[in-house]
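**Student:** Residue-level listing of the chains:
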Amino acid sequence: MTPLAAYLMVAALLFAIGLAGALTRRNAILVLIGIELMLNAANLNLIAFWRYGPHPELLTGMMFAIFSIAVAAAEAAVGLGLVISIYRHARTTDLEQMNRMKG
Amino acid sequence: MSPIFYLLAAITVAGGLATVLLKNLVHCALAVTIAFLGLALLFLSLDAQFAGFVQILVYIGAVAILVVFAILLTREAEVPESSPAGRVFSKTWLTGLVIAAAVFAMLGWAVLQSAQALPNETAMPAVSVRDIGNALVGRYVLPLEIVALLLTAATIGAVIVAMHEKEAK
Amino acid sequence: MGICDLLWLIPAIPIVASGIIALLKQPRRKPAAALAIGSLSISLLLSLWAFAHVLAGWTNHMAVRETFNFTWMQVGAASVQLGWILDPLAAIMLVMVSLVGLLIFIYSVGYMEHDENFTRFFCFLSLFAGAMLGVVISNSILLLFMCWEIVGLTSYLLIGFWYHKPSAAAAAKKAFITTRVGDVFFLLGIVWLFAQTGTLLFYNYGAGSLEALALTNMLAQHAALGLTFAGAIGLLIFCGAAGKSGQLPLHVWLPDAMEGPTPVSALIHAATMVAAGVYLIARVYPLMSAGIQPGGTTTALVVVTWVGSLTAVFAALIAVAQNDIKRILAYSTVSQLGYMMAGLGLGGVAIGMFHLITHAFFKALLFLGAGSVIHGAHEEQDVRKMGGLKSAMPLTFATYAVGMLALCGVPIFFSGFWSKDAILESAHGWPLSRAPYYLLIFGAVLTAFYMTRQVSYAFFGKWRGHGHAHESPRVMTMPLGILAFFAIALGAIGTPAWPWFRAFLGNHAADIDLHAFAEPAWLMLLASSFVIVTVGIGVGWWLYGNKSPAAEEPDALEKAAPVLWTGLSNRLYVDEFYGATFIAFYYWWARVTDFIDRRVWGGIVAGVAWLFGLWARFNQFFDNDWINGGFDKGCEEMANSGGLLARAQNGRVQIYLRILAVGMIALVAILLWSARP
Amino acid sequence: MSGMNVPATIDQIFILFTDWVAHFFPAAIRPIVGVVLGVIGIISVFPGLFALTTVFERKGLGRMQNRYGPNRVGPFGFFQPVADGIKALTKEDVVPFRADGVLHFLAPVVLLAAVFMGFAILPVGRNMVLVDMDAGLLFFFAMGASTELSVFMAGWSSRNKYSLLGAMRAVAQMISYEIPLLLSSVVVIMVAGTLSLPKIVEAQAGYTGIWPHWYVFTPWGLAAFLMFGIAATSETNRSPFDLPEGESELVAGYFTEYSGFKFAIFFIAEYLAMFSMSGIATTLFLGGWSAPLSFLNVLPSWFWFFSKVMCFIFIFIWVRGTLPRLRQDQLMNFAWKFVLPFTLLDLFVTALWRFMGEGWARWIVCSAILIAAYVAMGRVGMFRKNFAHRRYRYAE
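Protein chains in written order, with the numbering used here: chain A, 3 to 105; chain B, 38 to 206; chain C, 3 to 679; chain D, 324 to 719.
Everything labelled a hint here was simulated from the structure, so no lab data went into it.
Every residue, glycine too, gets a C-beta built ideally from N, C-alpha and C.
Careful, some of the hints might be misleading.
Examples of chain C residues lying across from chain B (beta carbon under 7 Å, computed) [as the list claims (entries may be wrong)]:
| no. | residue |
| --- | --- |
| 1 | Arg660 |
| 2 | Ala663 |
| 3 | Ile667 |
| 4 | Val670 |
| 5 | Leu674 |
Kindly generate the complete structure, drawing on both the sequences and the hints.
**Tutor:** The following block contains the structure:
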């Protein structure tokens, strides 16, 4: 049967991948995607701990995951909106050119 | 260690890697959907039916679409296949990679350290959607309300931010 | 829900109405007038209800005195209590005040028609009416004092209504200050009373300050010169009353108060407010008459009597030589108030109050008539510039004549006769001396004389003013008619044959016996007053009748006795006397205190300030050079280091992310390190 | 066999057949066999239905447009679909030169898969549901949501502005009508108290006299039903909401660049989506497989289910034959300014209904609220001319 550690490892790997994407890609949208991946990894952890935890019937981890999904959705909406407006303004989504705080 | 788990994990990780590595942004977006799908299936394999379906509904049904729209609206899709990697990855990609690797190493080490201490699988908890609903409007009603507020604010904010600003000066 | 529980509504409604009117925009004439008149008519209805209630009680031969008391606040052991009372006295006053007030309100609608501050005027008027009604019903001397002061305030506001006229402003100030003088003593009286009886209520089921227990206590102690405490307190309160109703020596403000609009003069300075003083004395009469033997009197009452009768004659004398139609009426008011006081002093509550009631009606009538005359004669107030108005404004003339005859006390037909006669009768029977009696008779003669003078100046002869006079609108003449009716009819309730009024106030049955008319004493009085009136009117007519002198040429009486005339026409120099003594003294004292302030105290303060300045300079040095110096250095260093840190913030999202990730690594590392076995 | 009464047997005939087949296999794999059989049933029945429907639709439209439908192939042209199928299979599969080959291939596959998934939780008859999930409805909507992505893939991958525009339109439209779709089914969930479709059907199974307890026969149910119908029409890109493949504007929308069998697959997918939507609507509001009148229970449950679905399909066809196509901005305004608010109001009304308890009062109150709101919103919409001029919000 699958041990908890396996899920945790997958989550860690996914998290690292998302982080790598967020750190290495140039495009703002992809950075956002990377962050989404990290959040998902966290969700996987939560669910896994809920499943293997002493009191699954309390639904704590599950609730945590559901709420974080909702929050992630909101975050994505706002983030992409920002990216779009920045694009309108600076004609780019390249983070290397997006380093001025005024303009 | 069931083969199903290996399969799902493989799908998920592959999707994630593809997301990070592909050049064309639309491909990235589709790859990330694959990762999301894999995660949803992992949830299902963890008996979290509700969470899994919500994951599919929200991420594949909404977030992925949102990303795709953003990509098309910002005209970032047209990356010629023959473009050098430098145009996709930032100059300091190496440090980023190293840091990510370090994070993974740290986390993995932490997991392995505590592998023995982790609890073993218990009997499948009998949670129906009804229980989740009751919990949502019972024990977790305050977070629910707050999330509702947050979502409203986010919707309005996103609309305002992405709205075409008038040239009325 | 007895009327006594609703009694508070009677003053409350007009006050609330005034508040609402105050919120109206300025040109809103109709709603303002409607509100004021409506509220006061509601009060009138309630008053009539109250009166009917009392009347019912009286017909059943039971003394109606219902009170409603409550504690306003608790001050240590003593509790400050307020309350209201319903007894025959209050009931009659209520009806009188609200009725006259209502008529005058209606009249003012016409009179103030063209004034741009119409709304403000009605706001003040109904505030005044409310406060006056409050005075009437209050059972607590404190509540009474409050309403009393509101009344004073409104009278100040209304006298100074045309504040752009300097004379009006001055008159307002004068009225306010002069009445203050009286009120100070009044307040002393209140405090003393409270100290003595420990309660502020008049009647409180035996515990009130006007009830037997308290009175006997106060009779036991004696103040200076044979005054009991009761008497002394009564006299202090009487000072307040004198201030309000312009008795000697505080009468000076009343004639000047005629600067206000005529309805105000009629309402405040003829009918109601000045009567408040008399009413006050009537209310606290038990204090005044404490310990009185049948057929005897008390010191307080003696004082009241003398002041009253002197005022009566004094004011009547001055009135003879005035030319301003309203001033004449003002002085006559003062003298009539003197009569009332004298009546209170001589014969008790019923007599004084009876004259108060009748006088209220016919004096209001006279004032409104005067207002109508002024209105018709294009704002002309000098009687010498009028004349022949009886043909120009017949209605006004008729009613005015009624009022004049009532004031002169023409026998039998007019209410003035009965009330004044009652006073004279009691004066005639006064044990101490006959002087008041003769004074009052002389006053009566003078009254008849100056009224005749005024009327013949104003209404007879030929027109000497500019333009030509016209009759006033219906809304002004209608109240005149009603008042005239009362000026005649009210006499019926106080005849010796049927002393209903006295019986009503004294709570004993009123029985009709026509033999009272046959008593020799009364017949003699009738004859005497007949003589008085004929003499007065005759002389007046002989001097002024029908001949219409031009405004420049000297008055007939002036030709006869110039010295006397100048004295009288200058109001016997009372104002000048005050100016020379009190006011001068105040100026001098003000100068002295001013000097002390500037030089002595000011010097000390300046010295202290200088010392502190020294200390402050030292502090400044300390702060600037030691503390601030240190801080500035520190801040500079901080700024520099901040500059270093600012480099890290380069707007590169990914750099931030990296730093975050590194921090996370560090955290997890620490966690594991600390958690290791 | 002899002891059973005939109607029950006919009702359960498929179950009995499955068990009979299953009992040839070892006990370990029997459930799997059952599932496989069920899948086979779904995969075989619904495409057949699709074939019939195409004929009916073309004939019906022909009738409505006063012309002949297909009448050449076979008796009354009933073999037309067969001919079409052969044609589709034998045509050359053209892929544009610049197209993104992988996605271009994947799109129809994913679409078809997602659509088929939807049938897994559909109770087509008494005890006739493939998997009875606790969160069945949620599963259905999750699947529905994942079709959008494949539509986008199709449109984007074929490198054609018509396709891309069609795809964008389709996705935007699907997203904006998904919300009312969800909300109007939430109404039913609120009352039935479960997400499992069989349970929802059972919740409506009762009768008063001969009249059934279907949710469509309550004010809120009717409103939700209508909203659901509108949203479903738009989800499945049927006219009058068929802008994504507006022949007059975009040649065929997101599958312009598809030909041959892939095109056929899109076609099938659209119709299957229609079927599943109709099935869900039937289950939620029309009492699923329960008979419309109590005494009609003698007929088998699956018969009732399919007849109701076919009624739905007929309504779809009818509407298509009747209403003209909307414009994009009209579509959006309609979704956000009429359908969505009305559905939200309906949620509220349902809660009211739930807590007002039995009695006639709740009927009157709820219907009054709904009718008033409907009239008011209609007036305002017409008055403000919400469908007036169009504005584009793309980044330029």
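**Student:** Which hints, by number, does the structure contradict?
**Tutor:** No numbers; nothing is violated.
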